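Residue-level listing of the chains:
2 protein chains.
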Amino acid sequence: MQVPDWEDIRQAAKRIAPFVKRTPVFTSETLNRLTGAHLFFKCENFQKVGAFKFRGACNAVFSLNDSEARKGVCTHSSGNHAAALSLAARLRGIPAYVVMPENSPRVKVDAVQHYGGQITFCAPTLTAREQTLQKIQQQTGAVFIHPYNNFLVVAGQGTVALEFLEAIPDLDILLAPVGGGGLMSGTCLAASVLRPDIQLIGAEPAAADDACRSLQTGKIIPPENPRTIADGLRTSLCPLTFQVLQQHLDSILTVSEEGIVQAMRLIWERMKIVVEPSAAVPFAAVLEHKNRFRNRRVGIILSGGNVDLDRLPWFSPAPDARN
Amino acid sequence: MQVPDWEDIRQAAKRIAPFVKRTPVFTSETLNRLTGAHLFFKCENFQKVGAFKFRGACNAVFSLNDSEARKGVCTHSSGNHAAALSLAARLRGIPAYVVMPENSPRVKVDAVQHYGGQITFCAPTLTAREQTLQKIQQQTGAVFIHPYNNFLVVAGQGTVALEFLEAIPDLDILLAPVGGGGLMSGTCLAASVLRPDIQLIGAEPAAADDACRSLQTGKIIPPENPRTIADGLRTSLCPLTFQVLQQHLDSILTVSEEGIVQAMRLIWERMKIVVEPSAAVPFAAVLEHKNRFRNRRVGIILSGGNVDLDRLPWFSPAPDARN
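Sequence lines, in order, name chains A and B.
Position 316, counted from 1, in the first sequence is what our numbering calls 316; the numbers after and before it change by one each time, with no gaps.
Position 245, counted from 1, in the second sequence is what our numbering calls 245; the numbers after and before it change by one each time, with no gaps.
Since the hints were derived computationally from the structure, they do not count as laboratory data.
This structure is a prediction, so every number in the text was calculated from the model and none was measured.
Remember, identical chains collapse to one label, so a pair may be satisfied in a single copy or spanning two.
Lysine to any residue pairs mimicking SDA-like chemistry, simulated, CA-CA at most 20 Å apart:
(1) K21 / A167
(2) K21 / F40
(3) K21 / R270
(4) K21 / I168
(5) K290 / E258
(6) K21 / R33
(7) K21 / N32
(8) K21 / R92
(9) K21 / H38
(10) K21 / E269
(11) K219 / Q247
(12) K71 / Q138
(13) K290 / A206
Kindly produce the complete structure, drawing on both the sequences and the hints.
Rendered as structure tokens:
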């Protein structure tokens, strides 16, 4: 399977530069003191659409030639990728067709509509999603942009680490959350070129530790009914991302649900920024495995900031396993 | 009454530079579209202690000579100034004595203790506060640093506008919240020198419109039982700030409680940053008086980000008039 190389990531960076934000890197003396590490946070919660996903979607959309593009793009996703693809398509002036389960949270439906995505609802099963998507593809000829099993999407996500290491070149460790593995794969591919001796660590909820188990057993094991609050990390690895992580990842750390909520709240309280539960997972890993990070220069990718402010986890601590 | 001049603010900037953060200026395409204005947000919610108050406290503490400083500093405040003074004093290696009403919210007591302030509790009346403070001054010889009726504090707060106009020189309008008037006064004194033609507008809750009425009537009218969620803006102007605002302020806009909550939530949702209710008041003014700001380049000072995450206003919309 072909995997993006350094040149693909550099081209992605150039291609998406007019559209994406170069997000800042934040530090916090309080969180450094609390962990004993030197932490650097790359704030993709400030990215357009509120998540790194916009980079990959943008790279895919702006890589299409005009005749491909004219028919639009489509995907099935109820998360940040759907909103990201909708905005990227709008910027290119083409339609985006999004298949969403009919029980999707209102706030996610609103986001896709806000960015101009055309939603088709379907029953909340994988089969229904795939069949509905297929029908839309047949009707429209739109190009399917998978949220992470896509060469151009992974290359686009690699631009986070590229910018991060340009800003802070001497990181010892780089941490990102692992859901489908798109961000972590892009991070691995960029960082292993820019800084071959850097330690690359994935973080995922213990309640959705499919990536950990997949890498241990050497084959993709889908998550079984993942009951984690980190709604962006309930997805399974795919052939592309599995291959990259197998080759490059140093390790995966898992974290408890309480740890995720605590980490998220600390980031809000101490750094005064809004991050979603999935984005707090790597910092939760630092908190739960302090010895591993003490006195090291640790880069953490804050993947997104899309939270329903009416449903904060410290008000309803039971993990939400819908979706 | 002597008022800080440009040189006092420049000296404050130099004096506090080793200690304060040079906070970033954020923009949001979504909020620009929503208001029809070009908005620039100076993020003092990212300042140390989570509020601009650290600048004034720092300037006052580091202006003391060694024999004054040795005896420490004191204040009565249950808000951000108390935490700011505690940290400034710790950085100088001197004690900070803080008088707080015994019914102060736990989160504020924690903040002062976190930064090493020595708390004396008193009955929740102005008389009790002043008597307790006087006793502490007599016992310790500590210097009283008023939260805003203080030349050096106001000069320190002026460094916000100084940095802001260095970063974005061509603002048409500059907006800040008005509580005791320290931030707005410093803003007026700096901005009127750096950009004499800039419009200077204060914003305050309609439920605590004492500054508006004071300026209209020409004498300081204290707020009467101000029932506003903007807990930092319940205080009264003082002789120093009243004099500055009378001379420099172009106008004061008042906003509804619902407007404050809506503005706060929009900032959280769209900009992905945590601001406290008081900090959302100027943006609420833009939302409630759109015509006044359309197509103008508007600078907004986000004054702070200290919020009790267990008590968010969209969960308990009734304004909290305690404190």
